[in-house]
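Work the whole structure out from these sequences, hints included.
One letter stands for each residue in the lines below.
4 protein chains.
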Amino acid sequence: MIIIYQIFYSLDREKQERIINAALKEFAQNGYEKASTNVIIKEAEIAKGSLFKYFNSKKELYLFLFDYVNGVINKIYDEIDWNETDLFERMKQIGLIKLRIYKQYPKAFDFLKSVPNENSPEVKSKIDAIKKELIENGLGMGYKNINLSKFRDDMDTKKIMNIITWTIMSFSEQQIKKVSSFENVDIELFYEWDEYFDILKRCFYKKEEQ
Amino acid sequence: MIIIYQIFYSLDREKQERIINAALKEFAQNGYEKASTNVIIKEAEIAKGSLFKYFNSKKELYLFLFDYVNGVINKIYDEIDWNETDLFERMKQIGLIKLRIYKQYPKAFDFLKSVPNENSPEVKSKIDAIKKELIENGLGMGYKNINLSKFRDDMDTKKIMNIITWTIMSFSEQQIKKVSSFENVDIELFYEWDEYFDILKRCFYKKEEQ
Amino acid sequence: MIIIYQIFYSLDREKQERIINAALKEFAQNGYEKASTNVIIKEAEIAKGSLFKYFNSKKELYLFLFDYVNGVINKIYDEIDWNETDLFERMKQIGLIKLRIYKQYPKAFDFLKSVPNENSPEVKSKIDAIKKELIENGLGMGYKNINLSKFRDDMDTKKIMNIITWTIMSFSEQQIKKVSSFENVDIELFYEWDEYFDILKRCFYKKEEQ
Amino acid sequence: MIIIYQIFYSLDREKQERIINAALKEFAQNGYEKASTNVIIKEAEIAKGSLFKYFNSKKELYLFLFDYVNGVINKIYDEIDWNETDLFERMKQIGLIKLRIYKQYPKAFDFLKSVPNENSPEVKSKIDAIKKELIENGLGMGYKNINLSKFRDDMDTKKIMNIITWTIMSFSEQQIKKVSSFENVDIELFYEWDEYFDILKRCFYKKEEQ
DNA sequence: TATGAATGAGGATTCATTCAT
DNA sequence: CATGAATGAATCCTCATTCAT
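If you read the protein sequences in the order shown, they are chains A, B, C and D. If you count by the working numbering, then the first sequence holds residues 1 to 210, one letter each, in order. If you count by the working numbering, then the second sequence holds residues 1001 to 1210, one letter each, in order. If you count by the working numbering, then the third sequence holds residues 2001 to 2210, one letter each, in order. If you count by the working numbering, then the fourth sequence holds residues 3001 to 3210, one letter each, in order.
Honestly, the hints are just simulated from the structure, not real lab data. The model shown is predicted, which means the values in this text are computed figures rather than measured ones. A virtual CB, placed ideally from N, CA and C, is assigned to each residue, including glycine.
Part of the chain B face toward chain A, derived, beta carbon under 8 Å:
1. 1031
2. 1033
3. 1034
4. 1155
5. 1159
6. 1163
7. 1166
8. 1167
9. 1196
10. 1203
Below, a list of computed lysine-lysine pairs in the DSSO-like style, where the Cα atoms sit at most 27 Å apart:
11. 3126/D <-> 2124/C
12. 3124/D <-> 2126/C
13. 2015/C <-> 2042/C
14. 2034/C <-> 3058/D
15. 34/A <-> 1025/B
16. 34/A <-> 3058/D
17. 206/A <-> 1206/B
18. 158/A <-> 201/A
19. 1124/B <-> 113/A
20. 3058/D <-> 2058/C
21. 2159/C <-> 2131/C
22. 48/A <-> 2042/C
23. 3150/D <-> 2159/C
24. 2124/C <-> 3113/D
25. 98/A <-> 158/A
26. 3048/D <-> 2034/C
27. 3048/D <-> 1053/B
28. 1025/B <-> 1124/B
29. 3113/D <-> 2159/C
30. 3207/D <-> 2201/C
31. 1206/B <-> 159/A
32. 3126/D <-> 2034/C
33. 1131/B <-> 124/A
34. 2124/C <-> 3103/D
35. 1092/B <-> 1150/B
36. 3025/D <-> 2059/C
37. 113/A <-> 1025/B
38. 3053/D <-> 34/A
39. 2034/C <-> 3113/D
40. 2092/C <-> 2131/C
Below is the structure:
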């Protein structure tokens, strides 16, 4: 069932953004349950009834935001150069694209960061379903068209890929925790990546490939 | 500020356990916000007022439980054989000890598992602070007295350790998600670990050490 | 205070009917309080603002409908043969006329049936007042030009008339409750009436009149 | 399913009465839907939460009141002298008993009067079910042990009884409408009854019985 | 005159915390 | 110290009415 929030989309863009940002912020800070629609309407400077005219319920508002940030995320994949077959070049690329989009939609990423923490049964089943799909389409896509023949033959490639993925994700997470909000993320972060990439290449690429 | 819950500790041990277990269960199942003090007092068979006499507020109760499970976790470090200097043997040991303690305090671990999902601003700042300390003291301690000379000299040892740590933690997390509750965790899980350890050793130990 | 809904009456007849029927249906089904102006405007295919332009408020719309159905009811009196002076023949006539008009304006009668159930203080006082007037003018009119000399002299004629009226009304009410909607009312209902009329005649008419 | 409102019943009688009377009044005046729990708690001088502690929901409160007034009504049948077999003596008796109870529980009767007007689907099914039972047990009981042989043989006794019942009920209703509230009902009302009873007896009893 | 988005008071209900017994 | 009823602020949501276009 796809719901199109036509009344909402017919608002002028500035008002839409005010509402989206107010809601992203409130949900990111407090989680679904504790987030207050009162706070959202106050910050967005709209009337109580309006929010429910646009989105019917708190739950639908949350799911709408979830779709919204997915839309933002998907912009990453639109910008990837799929001709680059080297895993680490690809990852570097993705990192840079992400950074650019971070800066454009900082609240969306703060919201996204809070989604996996969501406990409320009202929305959990929905976001779990969508998350699963995202991971399959999305994360999988990050590896599309990668030249796997560069990897050592004497180790299980699946496990190597896992170690690389975990390293990249854990390092990213560590960096992200250092900044309170995505608004401040900086390109400096990427220098250290290269050093990790260098280690991983030396370990997992075939000798002659290095 | 350290608060000692004098009145609570003066209760007979069986009542203390009833309260702790009821609270651990309720918070683990529903998260801080949605957890109901009514359910807790009903399960623990105590009066409403008593709970607040013992712990002052829902928030303090939560933080008390957090300290309690930390106490449980620290038992791990009491049992480690610090004479074992090989990193991977040490890790294997820790895993086995954890498993034993899991089985003894399943509710504590279910609670601990739920903590990182906590979104509520009321407790988030507190648990983030304590978590940070835990990681520094705790995880750091896991590495105490490890023979670092086994590692390759041509790579930054700090970064190697990070890659190893992230791999172990990510793999553990992946395994944990497969089990619904710690009550059923089994030793079989550990076989796959060895395969990862083998890869990591071949990459990061000096050639002659293998 | 008499309000004439000028703007409404200047609409083309088909639109007027659409609005009246939509409103009659919604009020009859749900009562004043629960009736939704949204449902009415949707069914009548007019704009929200228009309804309030025509009738100012939900309350006035309701009272307008009340007047409208009174108009329908009054058609009954236009069709009565006032030369028929026998009470029971007159009543039979009224019943048959009612039935014909029922079938012509089913929604009006469904609405009318729902009016006595109305509890809302917003409209109750008004309809009570109008109802009283209706009973006095209307029901009274039903008795106009009746030959009262047929009734026994040894009993208070006023009381006899009351007993007859109450019997007719109570019996009617009982019959009405058996039908879900006036659309299905049938002539069969009238057979039992004759049996009651027969009893009443034998009791209250002078002996030689029978 | 029978629910016993033990917390409510453990309150002191004066508070119970304050709550019951406030709720009876609000529901009688406004009907189920429009009645405001806010008004009730204000009039009863209790806290918002308390009302819901006692009765769980507005719906349960309404149904509780319904049972309460049924209890009041049933007192009528406890006081009837079932050895009196004359229909009209019996009716006179019931009328007098009702009057006494009216004066004791005026609000209960105002509430009862409003029940048949109730449209809200939330409570309608429930009250319809109970009403049916009441009519069967209750109204039927009014006629228990009546000596039917006094009635004329040449007319259908069922129809005679209906005419008598309708007359009594309609007359009562007429009288009731004259008083704004049951608090003012007076014994004078009953004199006119005798005159109606006299007419009905002369019509419907066998000649020699008169 | 027609439109339909905007408004906000008011609705029922919850629940951590208090406090008299 | 134990009890559990009392409290009321805060929750999400509705809907008749208004008003700018």
